[in-house]
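So the protein lines, in turn, are chains A and B. UniProt numbering numbers the first residue of the first sequence as 1 and each following residue consecutively. UniProt numbering numbers the first residue of the second sequence as 1 and each following residue consecutively.
Honestly, the hints are just simulated from the structure, not real lab data. Just to be clear, a hint being listed does not mean it is correct.
Quick look at which bits of chain B chain A covers, simulated, 3 or more residues with Cβ under 8 Å [said to hold, decoys possible]:
1) 233-239
2) 384-390
Short derived list, chain B residues pointing at chain A, Cβ under 10 Å [as the list claims (entries may be wrong)]:
3) Phe-14
4) Leu-158
5) Arg-242
6) Arg-458
In this text, a Cβ means the ideal position worked out from N, Cα and C, and glycines have one as well.
Single-letter residue listing:
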Amino acid sequence: MSVKHEEQFEPTPYVVAIITYIGYVMLAVFGHMRDFLRNHGFEKNLIATEPARTKDFVPLYQNFESFYTRNLYRRIRDCWNRPIRTCPGAEFELIDRKSPDHGWSFEYPGTHTRAINFGSYNYLGFAETDGPCADAAAAATETFGCGVGSPRAEAGNLDLHTRLEATVAEFVGAEDAIIFPMGFATNALNMPALIGKGCCVLSDELNHSSLVLGARLTGAKIKVFRHNDIADVEAKLRDAIVYGQDRTRRPFKKILIVVEGVYSMEGSVTRLPELIALKKKYKAYLYLDEAHSIGAMGPHGRGVVDYFGCDPRDVDVLMGTFTKSFGGAGGYIAGSQHLVALLRQRSHSGLYGASLPAPVAAQVVTAFQMLMGRAGPPGEGARRLKQLEVNTQYFRASLHRLGVIVYGHRTSPVVPVMIFMPGKIAAFGRETLKRGLGTVVVGYPATPIIESRARFCLSAAHSLDIIDRSVQIIDEVTSLLLMKYSRRPPPAWTAGITREWAEAQLKLVDQQRRPHGAANGGPVPRRPVECRGDPPDKVADENDAAVKDNLAAVAAAS
Amino acid sequence: MLIFVADADVSWEFSDLIEAIYSAPTYHLVFEGCLILFIVGLLFQHSFLPSKRRGGSGDRLSKAEEDQLIAEWQPEPLVSGDPADEALLASYQRCATSQVGRSVTYSDGRTLVNFATGNFLDFIGEARIRDRALASLRHYGVGSCGPRGFYGTMDVHLHLEEQLAKFYGCEEAVLYSYGFSTIASAIPSYAKRHDIIFADERCCFAIQQGLEASRSKIIRFRHNDTAHLEELLQRQAEHDRRNPKKARVTRKFIVVEGLYVNCGDICPLGELVKLKYKYKVRLFVEESASLGTLGATGRGICEEAGVSVQDVDLIAAGIENALATQGGFVVGTKYVVDHQRLSGLGYCFSASLPPMLAAAASEALTMVDEMRGERTARLKSVSDRLHQRLLAELDNLWSVEGAPMSPIKHLRLHRCTGENSLPALEAACAAAADAGLLLTVARYVAQDLGQPAQPSIRLSVNCNHSDSEIGSLLDFLKSYATGLAKK
Chain A
1 MSVKHEEQFE PTPYVVAIIT YIGYVMLAVF GHMRDFLRNH GFEKNLIATE PARTKDFVPL
61 YQNFESFYTR NLYRRIRDCW NRPIRTCPGA EFELIDRKSP DHGWSFEYPG THTRAINFGS
121 YNYLGFAETD GPCADAAAAA TETFGCGVGS PRAEAGNLDL HTRLEATVAE FVGAEDAIIF
181 PMGFATNALN MPALIGKGCC VLSDELNHSS LVLGARLTGA KIKVFRHNDI ADVEAKLRDA
241 IVYGQDRTRR PFKKILIVVE GVYSMEGSVT RLPELIALKK KYKAYLYLDE AHSIGAMGPH
301 GRGVVDYFGC DPRDVDVLMG TFTKSFGGAG GYIAGSQHLV ALLRQRSHSG LYGASLPAPV
361 AAQVVTAFQM LMGRAGPPGE GARRLKQLEV NTQYFRASLH RLGVIVYGHR TSPVVPVMIF
421 MPGKIAAFGR ETLKRGLGTV VVGYPATPII ESRARFCLSA AHSLDIIDRS VQIIDEVTSL
481 LLMKYSRRPP PAWTAGITRE WAEAQLKLVD QQRRPHGAAN GGPVPRRPVE CRGDPPDKVA
541 DENDAAVKDN LAAVAAAS
Chain B
1 MLIFVADADV SWEFSDLIEA IYSAPTYHLV FEGCLILFIV GLLFQHSFLP SKRRGGSGDR
61 LSKAEEDQLI AEWQPEPLVS GDPADEALLA SYQRCATSQV GRSVTYSDGR TLVNFATGNF
121 LDFIGEARIR DRALASLRHY GVGSCGPRGF YGTMDVHLHL EEQLAKFYGC EEAVLYSYGF
181 STIASAIPSY AKRHDIIFAD ERCCFAIQQG LEASRSKIIR FRHNDTAHLE ELLQRQAEHD
241 RRNPKKARVT RKFIVVEGLY VNCGDICPLG ELVKLKYKYK VRLFVEESAS LGTLGATGRG
301 ICEEAGVSVQ DVDLIAAGIE NALATQGGFV VGTKYVVDHQ RLSGLGYCFS ASLPPMLAAA
361 ASEALTMVDE MRGERTARLK SVSDRLHQRL LAELDNLWSV EGAPMSPIKH LRLHRCTGEN
421 SLPALEAACA AAADAGLLLT VARYVAQDLG QPAQPSIRLS VNCNHSDSEI GSLLDFLKSY
481 ATGLAKK
């Protein structure tokens, strides 16, 4: 069975869409009414207003920009920016907030709520206060302190940075890599070093804001293609090559296709093999942002490149972050030696920004080492990868069985569940928290206006029991809020994905634990240059066979 | 055409029309006929709209032609073949194995006295800060694992924001996770297309990126030249008087740095505030370099210039220099700053600052507060002493740029050899390393509009630099330049 493109995007039911629109219309009508009351002094006006000193200046921002904030966002503001007071691990403790004035301001009564954490990006569970990573970070703090105070290109280079770069390059299978202290800045400040005026950027419509900003700062022509639509990419590529630049009609100097590995709001996976084929056919370049996929996808955790079994050298720019899977901060760009050398000379971050603080670098290096089986308890890295994969499939299958609309790819650890109606956004956020589950709800403008959703981020730190408890809470809340919109039966693949299956899989990986360096020690064997486009099915089959054996054993034992 | 000859209030019968045609002269009928033919001709013409034209059957390329063009297209390589700047690349290979404090140890075993990094208050390696960071590490782990909106807000972030606001005496502060992205995100969250920004021509590159991202109209004024700024403002005011409707919706900003990293100068904030009110232009100040280094108690350029922070609309600063950690912040009134929590791209869409770094910044800020400007005063006096000695002892060899009390000074080799090239300065830095000193040339990318015309060595002073360390720096500069002059 090929799981390559098993993605689900069940269309919004018409009735739901209509009710959702009506909801927004109502909110807008009431918003205008309340604005009217506020403007005429019938209702207390709690909006921050222009200070007296600058009263007669041109207003700093437009009124309609704040209409949404004032009348829609403010009412359900308690669903975001929830402060926490512990490590964002499998569970966390939230600081309770109370709003005496319907969301204008918050007070802290001093109490706390413990909740299961499905909101933080902690795919491999490296957000920890002890263990090898934290120990390494502590040691680095002792040696180096927290800051560096200089860009890498001047005097800010630590030996830890050089080590981290070598580790990243080896892990992703590139010739060289360069690291930066902020993931957002990795995109925003480096794209201008690669392309400029007279070039063309082909960008997925759902690309992250940092990619959009980076592309804008390059000064290149930006063309947006429909999300994950290969035909549209090809049409736009042909068009760009054939007709060249607007007005001057000169051919573009370079064309760069910019995509993400896993899209954080859709849970979808980019179609890498097709994109690589296209980029080769049309001599374009490929920029792959693996922020949500490095560490979280693929049999070795080496991102979507690993997942699809492609050759990392076929992707010109491999970008990723350390925030999501490695419990650190910052990002990297890996690629050919020439590319990295160019970035070292031209990167805005490398020449102007302070360099990555030592404790963060130490944490990330150690996390990579663990994944490669060179640090920590034997087989721990492999165990985490397997746990995340099993958790993801088990959680997704359980949600499908509940009858909610789940978006995205079967193996993507970001799991969006559709809410649609604006009123239910807050209701879902509050009701789940009341039952001890912390999750993220998102609405417009982060999503299209009717496609509000909840988002769950899986983690290797979650146990199967935690997942079962969460699914039970989600079941309760979605029943309460009439959110089981799905009209489709659960996809076929979910049939075998049961608790027994999950337990058997995890048991298997426990048995496979081998001492340091043997299991995942060496570099990943280089795959053929031509992209096969399929995940290693054979391996999966072998696994399945082993699982069956295990299931038999479990059954026999019970 | 026929209608034009008619009187408006005469009603026309069809028979009259026929009669008029008969009675009209022949040349008139011929002329009318030509006009009608011309109009019909126009109707059948191809559209001139370029968009329609390209879709027209005659213009659209066939698939074979397209394939031909595609096969012919040769893109430039992604990485241009420019020769590599080896000296720059070498700085990524030089590995510090100790903290980058007042002295730095490198992997080759050398320990150098540091005159190159922004560790102005000597906070790197400070035990108090380190211990607080370690405690935080054991409580929160390293990463925050999410943007501020999605469980990336820890109590340390809220506490640090509150502390920063109180430190400045402002209503609100917003914390960013990277110094460079702070001002670069803050500017475009207010300034949009059609707005106007007056920026000092020597502004640092982070500001320039913010200006670029805003897509506003950028007007540069000569460095620290308030007369030139006023002239430009006046010109704009004149423009606005002619077009008041547009002026009512055009936001105007002045963007300056407190202490210019690119030249070590201090901005004339008092005069800028006057201009701000006179021309109703908002004033944004970037003070990554002036926080902790200027003002009686280290509160930056406002305190130094005796200007109330309420008169500056927005202050942005990185906390990577004097506060010796990572990140940045923006302070101001609630009306101004709160807007960024939803529209500052680098705030909304980035993971929040690792909590242990926020804790370190918080401890550093407490220290600045408790010291009541003791280290700041020391820093100023060391900087001033260094400046005076540079002028007194090396005036014939090195040119020095920057305010006397500024901890950032730019040195150039003009005077001894008449020539001041980047390789010559890099060679000087390499020689300095042999003499036990860490110096660096100031690095710029090619697009940087704020970079000085002449390359320079950027000296950064540490408040704990001793007289003997300063002495050895001066000795080195003197002997090196004298050596050059002799050649």
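Here's how the hints hold up against the structure:
With a threshold of 8 Å between beta carbons, the proposed coverage of the segment 233-239 of chain B by chain A is violated, since 0 of its residues qualify and at least three are required. By the rule of at least three residues with a Cβ nearer than 8 Å to a Cβ of chain A, the coverage given for the segment 384-390 of chain B is violated, with 0 such residues. At a threshold of 10 Å, the smallest CB-CB gap from B/Phe-14 to chain A is about 53 Å, leaving the interface hint violated. Here the hint on B/Leu-158 is kept, as its CB sits about 6 Å from the closest CB of chain A, short of 10 Å.
Annotation: B/Arg-242 was flagged as interfacial toward chain A, and the flag is violated, the nearest CB pair being 17 Å apart, outside 10 Å. Because the beta carbon of B/Arg-458 sits about 8 Å from the nearest beta carbon in chain A, less than 10 Å, this interface hint is met.
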